[in-house]
Amino acid sequence: MPEKRSGLLPSIVRERYTARLGIALAFAVVVMIAFGGVISAQTSGELRTDVEADLTTQSSAQAAQLETWLSAVEGDVRTTTKLPVFASGDVDQIDRQLDGMVANGDVPRDVVAVHYLDTADMEFLGSSSDVMEGVNPAEQGAAFATDPPAFDGPDDVYISQPFSVPIVDHPIVAVLSPIAGAEDRALVYMIDLESRAASLSTNGETSTVVIDGSGQYVAHPNASKILDAHNDTVIDSVTAANASFQRQGDTVMGMAKMGSHDWTVLTQMPASQAYALSAQINADLLGLVLLAVINLGLIGVTIGSNTALSLRRLANRASEMGAGDLEVDLTTQREDEIGTLYRAFAEMRDSLRAKIGEAKTAQDEAETARKEAERERAEMADLSTHLEAKATEYSAVLDRVADGDLTQRVDPDSDNDAMATVGEELNVALDALETTVADVEAFAREVSRSSDSVRQNADRVGEASRQVSQSIDEIFDGASEQSDRLQDIAAEMETLSASAEEVASSAQEVAQTSQQAAEVGETGRRAAEGAIEEMHAIEEETERTRQAINDLDSDLDEIGEIVDLITEIVEQTNMLAINASIEAAHSNGGEGFAVVADEVKNLAEETKEAAGDIEARIEQIQDQAGETVETMEATSERMAAGVETVTETVDSLETIVERAEEADRGIQEIDAATEDQAETAQQVMAMVDDLTAISQQTVTEADTVANAADEQTDSIAEVTASAGDLLDRADELQSLLDRFEVDQSARDAGAVATAPTEDTA
Amino acid sequence: MIEIDITLWFTLGTIAMALGSGGLAYGFVTLSSDRHREYADVVVVTLIATVAYGLMALGIGEITTATGAAVFVPRYVDWLLTTPLHVVFIALIAGAGRRLIAKAASLQAATIVLGFLGALFGTPLKELFFLAGSLAFVGVVYLLVVEAENDAQDRDDVTAGLYRKLRNFVIVLWLVYPVIWLLAPTGYGFMDNETASLVITYIDVVAKVGFGLMALNGLQTLESFDVADRTGYASTDD
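Top line first, the protein sequences correspond to chains Y and L. This note's numbering applies: residue 1 is where the first sequence begins, and numbers increase by one. This note's numbering applies: residue 762 is where the second sequence begins, and numbers increase by one.
Calculated from the structure, these hints are not laboratory results. The reader is advised that the hints may include incorrect statements.
[To be verified] Partial list, computed: chain Y residues near chain L (C-beta under 8 Å):
| no. | residue |
| --- | --- |
| 1 | Gly-75 |
| 2 | Asn-282 |
| 3 | Leu-298 |
| 4 | Thr-302 |
| 5 | Met-380 |
C-beta atoms are modelled at their ideal positions from N, C-alpha and C, and glycine is treated no differently.
Produce the complete structure using the sequences and hints provided.
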């Protein structure tokens, strides 16, 4: 917000803390300097005034002092001139008087000599100083002599201009006064100006000079300066009434004019000296100001600069934070308010970072979700394409499978799990189908082989039966013949009773015939035993066939289970197909997948139908096998009956043989004992009758056996026909299965699966 | 009773400088050894000043100039040695190059030499030397404020802050020296030697010990921030 703010301060100052602080400190410095100046001016003015007053007072005082002293000198001169000794004119006495005055100090200070002057000749007639006696001051150039004053009266006192004379080594002011009572005589007081000046002047640096009206120094701290001309004229303005102050160069002076004399007293001192205190105060003030400036500068560059730098750094950090960099370093070692500010900012930064982190996470999540969605869409498209391709591939494989090539497998390697699962399940189903078909084929072959075996066995049984039948026929024939022979025996026996001779021969014949009958009986017995063996063999064969058929039945049950499994797999596949259809419906553009799913479903249904078909056929086979078993059991029973009958026949035949032997022995006995022949003939007749009855029974039995054997033969034929029928069915099944091409391994697996059946067959 | 005169100020100056040297020398303990070399700079400064003040307190090295003012040679020798050291330290903190450092230190030495000459001679040579010295000092200020600033802007802002603080400190304090010089008897004598010496002693102690303390504090801060690049000539790519 570029809000224009018009302040008193220029923007460059408003905008910068350091500038503000600098201005404030500069203002403080200016105030200090100004106040220092004021103090300096005040104290300097005051001190100057003091110095002025001091110097003028001093000059006035000095002037007054000088005035007093001069007055004293004048008074002394005046008084002294009134002494009678001077009026006497006695030079010696005057000289002594003068010597005594000076020596005793009866003259004012600084009066170094007193002379007794002859004003007419200008000669010192007498003097306190012997060397001066006879000296002509005019010749010496004494001011009072060269320009002699005119005295108005004896009280008149003349103070000469300062002068120096060769005879005296110091400048002199002469004070003259005429001597009362003596003509042209005067007393001359010689004042040593050097001494006077020395007494006047200096306390400390203050020096006092006296300048006479003509502008030459009367007194000066520097004795050599006395009588030199004072090169300034400002003293003209000075009046006796008011002392004045003046500064000349490095010197300041107070000036006071003497009232009685045209002398000006200057109390002077070097300005530096006079104003030393002021200068010291000013210097100290300057020092103070400088120290203040230094300290303010220090504050400025330490506290101010630190604060400004810290704030600027913080501002930069805040700007960086504003610009989005939340990793800014906000650590500080300061523990004051600025440190607190840093920490507050650091907290703000952390808080911001946390908030922005959250926002960013959310954004990232949204972005990830969006990307995920896009990726999924792309994946869906890919998947759809992939599914279509896969479906086409599956479809092709399934077509080939439908054409009977069960070795075909789909490639389940797919990015889509469902499709991969479908493919895998399909492969599992195909594996199962192939194995099953192979099993069924193997089983069909096995059934075929078993049926063949059954048929062969049945044939063998049939053959045996026929042999049995034949044997029985032979038995029957034998028995009939036996019966006939027995009737013959009876006839013969009847003939026997008629003729003993005949009996003997007949007995021989009978014995032979009986021998033959025994042999025939033996043959019959052996045939019967063979029949029994054969029948046992048949029975065993039949039992084995029955067991084979029972095994077949259990195998068929297994097949039924396998078919049930297939049906189950097919139902699962069907379910998968339905799921796949639903999946396809969910994924947009999964029409291909749907097609595959339908295809799979159809195939599953077809497979299910085929399985049902197989199951029906297996049931038929089972029924057939059951019938066969029943038939075989019946056959077996009849066989057993036959065996029993034949056994009985054998027993009968054995009995016949025994009896025939007994008959033989009897005939032998008959032959031996014709005596007993009649009785014996009777007994033989009875025996022959029994024999005949037994023979009749044997014939009947043999007939029954023959009938049973015939029935058995019929049954065997029936078994053979059933086995042939079974073989035909098995062949039919095999040809039905030959449509399916299965892998050798599956074939082997099928063979192994049916192996136990082979073992029991 | 202690007499309040120039010797007192020099004695106090000696004591202050000696205490400052001791205190600053203790600073070595708080700094890691790789900062000792640069930190030695500021300790050497106070040691030199201690010697100079000791000599002046003993009244050694005082000469009278053409204008009758008293000039203390040890003071100028002190300044001649110490002020370039300060300039070097600041320039090092700023990460300035050797050329800039050499130039600034030479100009600073020239400033002192010219000031000394100015103090020796009377008008107009005095003003001439003063002007020349002022120009040399302006050069130093320019180098420190403008050129070294460019280097300092490449530094991390803690180092740059220390550089600015020390620079401002030195420039503000050193700007007072010519004023004192002019006011003192070396210039126009508005201040007597005693007062001037008092002020100079104070500003010397502040400028040297104060500078040393700020430098120590600054270096400690740099260490606490663990500023990676040292104040050497190397890497200014920060």
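Structure-based check of each hint:
no.: 1; hint: Gly-75; in the structure: violated (50 Å)
no.: 2; hint: Asn-282; in the structure: holds (7 Å)
no.: 3; hint: Leu-298; in the structure: holds (6 Å)
no.: 4; hint: Thr-302; in the structure: holds (7 Å)
no.: 5; hint: Met-380; in the structure: violated (50 Å)
Checked against the numbered hints listed earlier, the structure breaks hints 1, 5; every other hint is satisfied.
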